[in-house]
Structures are given as structure tokens and as C-alpha cells.
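Trainee: Here's the letter readout for the chains.
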Amino acid sequence: DLSMNYIGELQPNTFHRLHLLKELRLSGNHLTRIPGRVFAGLFNLKVLMLQNNQLKTVPSEALRDLTNLQSLRLDANIISEVPENSFEGLRSLRHLWLDDNALTDIPVRALNNLPALQAMTLALNRIHRIPDNAFQNLSSLVVLHLHNNQIQSLGQSCFDGLHSLETLDLNFNDLAEFPVSIRTLGKLQELGFHSNNIKAIPEKAFVGNPLLQTIHFYDNPIQFVGKSAFQYLPKLHTLSLNGATEIQDFPDLKGTTSLEILTLTRVGIHTLPRGLCQQLPNLRVLELSHNQITQLPSFHKCQKLEEIGLQHNRLREIQADTFQQLYSLRTLDLSCNNIEFIHPDAFSSLRSLTKLDLTDNKLSALPMVGLSGLMHLKLKGNLALSEPFAEESFPKMRVLEMPYAYQCCEYGACKNYKPSSQWGGMEADSDDENIHKRTMGLFAGHADNHYDLDLEELQLETEDSKLHPSIQCTPSPGPFKPCDHLFDSWVVRLGVWVIVVASVICNALVILTVFASPGYLSPVKFVIGSIAGANMLTGIDSGVLAFVDALTFGQFAKYGAKWETGLGCKAAGFVSVFASEASILFLTLAAVQCSISVSCVRAYGKSPSFSSVKVAALCCVVWSTTAATLPLFSVGEYGTTPLCLPSPLPDGKLSSLGFTVALVMMNTLCFLVITGTYIKLYCDLLKGEFDTIWDCAMIKHVAWLIFTNCLLYCPMAFLTFSSLLNLFQISPEVIKSILLVVLPLPACINPLLYLLFNPHFKDDLQLLRQKGSCKEDDVNSFTSEETEKSSYDSTQALVTFSGMDMVFDTTEAIGVLQRPPQVLEPYGFPSVTLVPCQQRTGTGGQERDFSSRHSCLTDEELLIASESTEAAHSSIQVSFCPSAKPHSYTSHL
Amino acid sequence: EVVPHNCTLVSVSVGWLDYCSSCVRCSGDNGCSTCQKKLFLLIWREGIRQYGACVHSCPPGYFGVRGQEVNRCTKCKTSYCETCFSKDFCMRCKEGFYLFKGKCLISCPEGTAPDQQQRECFEEWGVSLWSEWSRCSRKRQTCGYKWGTESRTRQVMKAPVEEKLPCPVLTESRKCRMKKRCPG
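Protein sequence lines, in the order shown, are assigned to chains A and B. For what it's worth, the working numbering labels the leading residue of the first sequence as 1, then goes sequentially. For what it's worth, the working numbering labels the leading residue of the second sequence as 894, then goes sequentially.
Simulated from the structure, these hints should not be mistaken for laboratory data. C-beta: ideal position from N, C-alpha, C; glycine also. Don't take each hint at face value.
Unchecked claim - Taking lysine to aspartate or glutamate pairs in the EDC-like style, the calculated list, with each CA pair at most 16 Å apart, reads: (1) B:980 <-> A:190; (2) A:187 <-> B:981; (3) B:994 <-> B:1017; (4) A:562 <-> A:387.
Stated by the list, open to error - Among chain A residues calculated to face chain B with C-beta under 7 Å, some are: (5) 27; (6) 28; (7) 124.
Please put together the full structure from these sequences, using the hints given.
Mentor: See the structure below:
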């Protein structure tokens, strides 16, 4: 062994005394040439290794002395030339390596000197064609490797004379046509021409090779395959035809009786022949995925079938006799079909079945007969299959994929789920598949090289190593797929109930006082009332969830799937989205209205009309209805969680994520608009320098609403964006609590703010009470109405004085008492609201009255306006007039 | 020569390979993962650990497959094979088996003879059946002596490709009794 040295030159007769040497290794040296007589005297040399040198030609002179040489390695040199007399005298040479050299042609003449050659490789050269009779004298050749060349064409009779050839490797070449010249290779057993450019396999392609066992022809753009191409190949055990789109009919496999593995994917087959199993009794693996098969024949004569792959077809039902008596069947993949019905006895005789994949079908029931040996069962995507499976039905189960997480509750995964299992686990597949993918990934590129490394052994080991005590069931339950209770903790449960009760009662009160009170309904008040309406809906929605929680207490898993997919959840989701959107939009409307009326008043002296506010409110309703309806048309989804909210977390579907993000963006935009308008309003008010008298209570209330709602919306927006951008890992429990408690919290805080801090409520409530009590008393009715109007005036009329002097002047002039501070202060009025004007009694607030009054006011450099003077026909009561009784002011104020 | 300096030498417990050399990339845990050009990457497994090494020629039980990007040592398919040319084609069989045309056989097929030392089946000369014994004769006489000789012949039908065995015996003769008295 002289390999891996730095030998650059060999002298003649170097080895001449080594008569008994059998093997000489000179690989990995720097030999560029070997002169004649170097190997003289090596009478018994059988193996000569010269690979990994820098030989440019075959050392023909030196080799002549090695009459007993059996193996000659010349691979990984830079041989571009093989002299005609190269192998003369090598009568015993059996094995010749010439791969990874620079040959451009087959050394036809030199090869003629090797009658005993049994195996030869010419791979990884630059051979571009094989001439006729290239291997004529190699009648003993069994193995011929020609892969990784640039062979474009083969002579018609190029393989003539290769009477013993069993293995021919033409992989990785540039062949454009099927190598018809193989017809003379009567003993061929293994043929490879994968990774070429062959487009068609003609009829009767292998008619001269009846002993073929293996044909590799993947990675060819094969479109056409002759129907009779694979007939009468009784030894063929594997046939894969993938992606040959011009095949419409199942190939005729008459006489190819040993076929064990048949793969016909992405081909376009519609039907399988009736007699398939009579022709192929030895079939073990049948892979027919990605076709258009609608009906299956009975496979029961294919007794040896172990694997059937029918995924991505158009099957609708599985009959009783389809898989009857397939006692060896281990794996059955029926995923991605339209299967609606499986006969109750369809799987009854499948004793060995361990893997069953029914993912993405339309099953509503799964027959359990014969499935007790299952270890892998995949039912994901069968949305109608919602009832749980008893653990006892699958005693050997290891990996389960269910349509709903609730069905996994049975399998013990529920009790000790990890906090992030929901979102972490959803992405990753089961461990088993991951391991499989990893191992396959490792070897994927070298599948052809049979880089085996005991692959099967390895897989077996990984299979064994994951003998988990428990079953892996996905999707695993989590906070958003709870097993026992819809609400995880009593804190959340109590919180939700408090919110429900508070929001329903308070909002009802607000609505009552706003709409039922006989008091003047100003536009802002109208909007506040609408917000209360929306908030009440939110409260009711939370109430529904609380109710569901109470009803399913302790066994939510039983009802979870039905609830999620049911109408109730859709309705709840609709109401929830509608209510939250409407409330935010109404709030925006309120803010905009406040701001616009100020600037309008400033600019034009009047504020926008009530009707326009109503139209805007209607628009808000329409818009929020649209937003809430979208998920019903599968833009976004309500049923992904039992909370029936469009999930704030990405769960894979782009549309639902888009929907959520769009909602949040819209809401954020609304809040920005609100903030903007309110800042503007504030500035406007500041500019007014206390000369503005406005319905401050309402402005203040709206400000409070904005503040609280903005604040409470922050967590939602934060959640959505952080999950979208993967900023923080927030535990699903927290998210759920936020969704349940913080999201509907404004619905209960908004009305409380109104009830507790807004003077209008007290007034309205008083009025209501009075109205109730005075209805019997006709005498007082008029006065009560009067007071009510006045009360409105005192709080809602906007009276702008040109200057403070004016105020004092008028007050002096009319002799009004100074404002009673104890009344005004809680109202937070900036200044005295005393308006001198001509008296206007009665309820004749018509259009022209306004205009006239308006002009009157401008004349007097007094601006009197209401928030919506035009709309409030009956409302404008110019109050403070010299003739008015002083005590009435005080009482009103 | 691309031999990185940070290459960790690994000592592996396989006798014929004591260290990781000629690697382009190697790790202390798994040995080589990328070899220098023209060398074969040999990967084997011990327990759950995988080792890699770069070699000029693959060890017994493996054969080298040169590819476009990587050269690998691949295991011979049959376990009876000591060295092989390709997956199915054996060059030397293990003890107890005889090599014939790349296959390892328990007994040699018809027309071949086993060679215990080489563990091979040698193709025998293809010869025709023996002819009938000729008449017993001596000195061209078929009578008049007590003992004579008779002979038979056969022809070479097919010569073996490798002329290993000596040429077959084509003529046989033996002693035979003759009629002492010649008739007439």
C-alpha cells in the first residue's frame, strides 16, 4: 500500500522482485505518467489501484506485463486518451474503473482487448455519444455504468455484443429519446435512465428485456407512456410513473406479474381497471395519489397489499368490498378526497391496518369495525366529524389527528397541556412525521446512491424510541380549546358575570334615560345612547358566553365542537364584532360631531344638523354590520375558538388573519381620528378664551369615553400586532383573559361613566320620574314641560358672548342674580350662562324662526346657538330675557 | 489543499481508520461531513452516533460511488460479499461462498468448478461427451495379444474466457482384454 504519498514518478523494474504481490495500491499520489516496465515482474498482481493521480493517458506500456490483473482502478485521474493498445494482454481483467476522467469518447478499440471484463464504469466523463458496436467484444460484461456523462444519442446497435449485461446505468445524461438500442440486452435486469431529457416511452419499449427487475426513469419530462410499454416483464417489481400527464388510461400490465410496487401519481387517471388485481397478484404498494380517480374496484385479490395511497383523488365513498380481506394492509391513505360515506364494514377485515389517513374529507361518521389495531389515525379536516372517540376503541393508538381539539381531551393530553401547546403545536406536525422528514431530508439528495446507512434500521429505532406512555393527539387542547370549562378560572368567570350584569343594567338605564326621557335629544346624546346600545349588545354577547360556560360546566369538551361550528357561535361572533365596531364608530362619530359642531359654529354660526348625524350613525351601523358579516362569507372566521371571536392570533389562515388585522387597523384609525379631533376641539376651545359656553358635560363625557376605550383597546391592539410580528410570546391564557374581560370592559364602564358623572342622566332621570308622577297631575304638566325645556337650555345651549363685559352688562341689565356656584360648579361650566335676548315662548322652533333669531343675535353681537339648532325644532328656547322671572333661572341652573 | 486549521481530529474506534484526515469539514462528534475533492465520504454508525471519514478507496463491504457533487462509500447489498464493484456486483466473496459473475454462491453452478482458495467458481472447459471406447487393440492389432488398450476421445466445445484451468483431457485409454486368437 503506497497510497496517499507524494510519489510523482516510478522507475522501471521498481517491483520486479515482488513475484507474489497480489495487490498494489498507488492511489492518492502525484503520478502523471507511468513508463513501460514499471510493473514488470508482478506476475501475480491481481489488483492495481491508480485512482486519484494525475494520469493523462492510460499507461498502456506498463500494464502490458500484468497478465493476471483482475481489477484496475484508473478513476479520478485526468485521462483523456486511451491508446488503442491500452489493455492488450490483460486477458484476465474483470473490473475496470475509468470514471471521473476526461474521456470524450468510448475507447472502443482498447475495450476490444478485454474479453473477460465483467464490470466497467465510464461514469463522470464527457462522453457525448455512444457509437454502434461500441462494446462488441465485451460478452462477459455484467455491469456497465455510463451515468453523469453528456450522452445525447445512442447508436441503434450500440449495445450489441453485451450478451451478459445485467445492469446498465445511463442516469444523469442528456438523452432526448428513449434508448431503443437496449432491445438487444436480453439479460438486462436493472436499467437506469433517470435524470435525462426523455419525453416519451414508446409502445413495447422493453420487449427485448424480459428479465428486467428494476427500471429507474424518474426526473425525465415524460409525458407519454405507451400503453403496452410495461407488458410482459414478469420479473419487474417496481414501476413508478409520476407526472406523465399524457397518460389518461391505466397502463396495460399484462404479464408483469411480479410487480410489487406500483406508483402512478399526478398522471390523470380516472378509473382503475377491473382486473387490476388479477394481473398484479403480488402488489405490495399501490400509490395512486394526485389523480382523478372517482371509483375504486375491489382490491380483494391483491392479497399482498401492504400500502395503498389514494390521497388527492376524487373519491366520494368507500364500498364494503373495496378493501375486503386485505389482511396484510398496513397503511391506507385516503386523505384529500371528497369521501362522504364509508361503508360500516369497509375496514372490518383489515387485520394489520396500523395507519389510516382520512385527512380533509367530508366524513360525518367513521366506522370503527376493524380499526382496533390502529396506531396512527388522521381525521383532521373532517369538520362534520365532531363526536369524541372513546379511548378504548384504539388500544394501540400512538398518533392521532382529530378535526377538533376537544376530541383529544379523551386522550389525557388535556390535563397536563403545556401553556403554549396550542400555538406551538399547531404549526409543528406530530413528532413522528418530523422525525421521518428529518431522516428523509438527510438522505433526500442521495436517494439514488443507496446511501443507506441502515436507513430502515434507523427508522425502526426512532419508531421504537418514541414509545410514549400517552397518545399524541393533535390538535392538542389548550386555553382556546378547553376540555372542562370554557372559562379557565373563577376570577375570569366572576369578572365576566360582573361585566355582563353591569353592562346590561347600566346600558339599559342609559338607553332608557336617553331615548325614553322627554328631555331634548341632542345629537351627542343620541350618539351616546347608540353607544350604550352597542355596549349592551357586547354585554349580551358576554352573557351568552357566560351562559355557555355555565351550561357546559365541567364537560366543555363534549359540546365544544358543536358550539364552535353551530349557529349560536356565529351569531355570538356576529353580535360581538358588530357591537364592538359599532361602539367604536359611534364614539368616533361623537367626537367628530363635537368637533365639527364647534368649528361649524365658529365658521358658519351653526352646527351640523341632527339628520346628518343620524345618517352618519346609520352609516356606522351599516359599516359595522358589513364588518361583522364578512366572516360569515369565510373572510375571517368566528368558529376558530369557542369564544367565537375572530382570533387575534395567527393560526395559519391568511384571510382570517387579514380580517383581524383589518379590524384592528380600522379601530386604531378610529382612535387616531378621535384623538385628532379631540385635540383640535381642545385647541378650538382654548382659542375661545372662556367665551365659549358649550355642553361641557357631554364633551367631557365623550372625552372620558375616549380615554377609557382607548386605554382598554390598547391590550387588544398590542396583542394583535405582537402576535402578527412575533414580538413577544404571550401565553394563551393571558390572551384569553384579555379577550374575555378586557375586551368587553368598556361596555360596562361607558354607561357607568354616564350614570355616575354625567348631569344629563340625573336630569333625565328626574324628568322621567316627574313625567311618571305628573302624568296624573294635569295642572303641573305644563310647568314640568317648561322646566324640562329650561333645563335643556341651561345645559345645552351654546351661548357665545362677544366679551365678558357684555355678560356683566347684560346681567346687570336684566338684573339677574349672580350664578349660584353650588349648582354650576359640578357642571363644570367655564362661565356664566346668561343670555339676554328677546323672549321666545312656545314651541314654535321652525326654520324661519331660527334664521330670524339668528340674525337678531348677530345684530346684537350675540351668538346664540344650540348644538343642532336646525334639527331641534322644538328645542330652542331663548331663555334669559329681561322679562323672565329671576327665580326661574336659578332653578334651571 | 483545503484543510482547515480548526479541524478537530477525532479518534474513532475502527481499526482501519484512526483519525479524521482529508476532511474539509469535520466535527468532534461526527467526524468528516465534507471531503476534499475526489475522496470518498464514508459514513457508518455506532449505536446512535454517526461517523464520517474521507478515504481514497472504500473499505471492505463498501463500494465507492462517484457523483456530481459528492463521492460516497456505499454498503454492498449482500452480506456474503467482501468487496463489491457496485451494489449487486461482488468482486470477492466471504468465506463459504464462491464468486461467479459477480454473485456469491454457496455452490458452483454446472460447468464451473470451485476454487477453495480464491473462493471462486472457474468456468470449466466446455467439452463434449466422451465418445464410445474404441476397439481393444495393440500395435494396430485387434487380436493376437492378451492385453491391449482401448481409448475414447472428446472435443472442446467451448473454451473458458479466462484460461485458468489447464486444458481438459481430451483422450482417455485403458487396458483391455483381447482375443488371443485371431480368427482365421
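Trainee: Going by Cβ atoms only, is residue 28 of chain A closer than 7 Å to chain B?
Mentor: Since the shortest Cβ distance to chain B is 5 Å, the answer is holds.
Trainee: Does the nearest C-beta of chain B fall within a distance shorter than 7 Å of the C-beta of residue 27 of chain A?
Mentor: Since chain B brings a Cβ to about 4 Å from residue 27 of chain A, closer than 7 Å, the hint holds.
Trainee: Can you confirm whether the C-alpha distance between residue 562 of chain A and residue 387 of chain A stays at or below 16 Å?
Mentor: Distance of about 9 Å is within 16 Å: holds.
Trainee: Hinted pair, alpha-carbon criterion (16 Å max): residue 980 of chain B, residue 190 of chain A. Please report holds or violated.
Mentor: holds, 11 Å
Trainee: Run the distance test for residue 187 of chain A versus residue 981 of chain B: straight-line Cα separation, threshold 16 Å.
Mentor: holds, 15 Å
Trainee: Hinted pair, alpha-carbon criterion (16 Å max): residue 994 of chain B, residue 1017 of chain B. Please report holds or violated.
Mentor: holds, 14 Å
Trainee: Restraint: residue 124 of chain A near chain B, CB-CB cut 7 Å. Satisfied or not?
Mentor: Result: holds, 5 Å to nearest chain B Cβ.
Hint violations for this structure: none, all hints satisfied.
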